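Here is how the chains run, residue by residue.
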Amino acid sequence: MRNKHTSPIVLLGSRLLSPYIMVFGWYVIFHGHYSPGGGFQGGALLAASVLLIRVSGGRLISRMQLQEYVNTPLAIVGVIIYFLTGLTVMFAGGYFLDYGELPIPGMEPYWLRYTGILIIEVGIGLTVMAILVMIYDNMVKGEDYG
Amino acid sequence: MKLYKILILALFAGVLIYASLDLPYRGDPDNLMHAERSITGTPVIGNYAIQEAYNDAHTPNMVTVILGDYRSIDTFGEQIVIYTAGLITLLVLRSRRRRKNR
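Which chain is which? The protein sequence lines are A and B, in order. Per my numbering, residue 12 is the first one in the first sequence, and the count goes up by one each step. Per my numbering, residue 2 is the first one in the second sequence, and the count goes up by one each step.
Isolated chain A (complex conformation) (with noise of 0.2 Å):
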């Protein structure tokens, strides 16, 4: 950011706007089994929510928000919860990824998949966020250092 001056309008317009945007992308997320939605579109809107303080507000405001050396580890949290639910279900003694065998106890094979979609959902949506807002970050730094 070149222009040191943010103007305040602009960023009690966002600061307004940014949490609903953020609710919604949860919103998305845990929606998506009975409408359209899912982890990849939640996921671009929490990272809509989080870059629309970037844009407005500059370095400065945005650091209180999000930091920036957050993003990586989240994404890597994305892509674990993932994994490791596969994992799970496979030492629970069925197939990689097969959620009928999540070891939780007292639910029927069709609520354990359920369940298992929604878990998934919400690592995908933590990875796609985090990684739009890396590339963000790292365009930026770029810029402005180059």
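Hints listed in this document are in silico derivations from the structure and should not be mistaken for laboratory results. All values derive from a computational prediction rather than experimental measurement. No residue lacks a Cβ here, since even glycine has one placed at the ideal position from N, Cα and C. Treat the hints loosely; a few may be bogus.
[Said to hold, decoys possible] If you only want the chain A side, here are some residues facing chain B, beta carbon under 10 Å, derived: (1) F35; (2) G43; (3) S46; (4) F51; (5) S60; (6) D109; (7) P120; (8) E132; (9) G134; (10) A141; (11) N149.
[To be verified] What follows is a list of derived Cβ distance ranges for each label pair: (12) I87/A to N48/B: 34 to 40 Å; (13) V93/B to H42/A: 52 to 58 Å; (14) T85/B to P47/A: 24 to 30 Å; (15) A14/B to Y106/A: 43 to 49 Å; (16) V93/B to P47/A: 32 to 38 Å; (17) T83/A to S21/B: 44 to 50 Å; (18) I130/A to H35/B: 30 to 36 Å; (19) H42/A to S39/B: 41 to 47 Å.
[Stated by the list, open to error] Computed from the model, here is a short list of chain A residues facing chain B with C-beta under 7 Å: (20) H44; (21) G117; (22) Y121; (23) T138.
Here the structure of chain A is known, so what remains is to put chain B in place on it, guided by the hints.
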């Protein structure tokens, strides 16, 4: 030279239009992709997904069931592709800075 390009484009368009004449009608229930069994006698996946998606996962949106359950390893690959793309931007866009500072 320009005439050749226009001729090649027109020829290619002709080939595509001729090929599109053989496509089946949309929504025709007698199409091969809507049949319960294919020509070789194996079950068709689309038919199975439409019939059994709700019974398998109790999820009304069958696209989610196909993406997250039947084709979950494919989705895992997609996630790793996105993750790799993010890491590559880290390599490509940040190395330029170090070279200029030297």
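Hint numbers not upheld by this structure, sorted from lowest to highest
Structure breaks hints 1, 5, 13, 19, 21.
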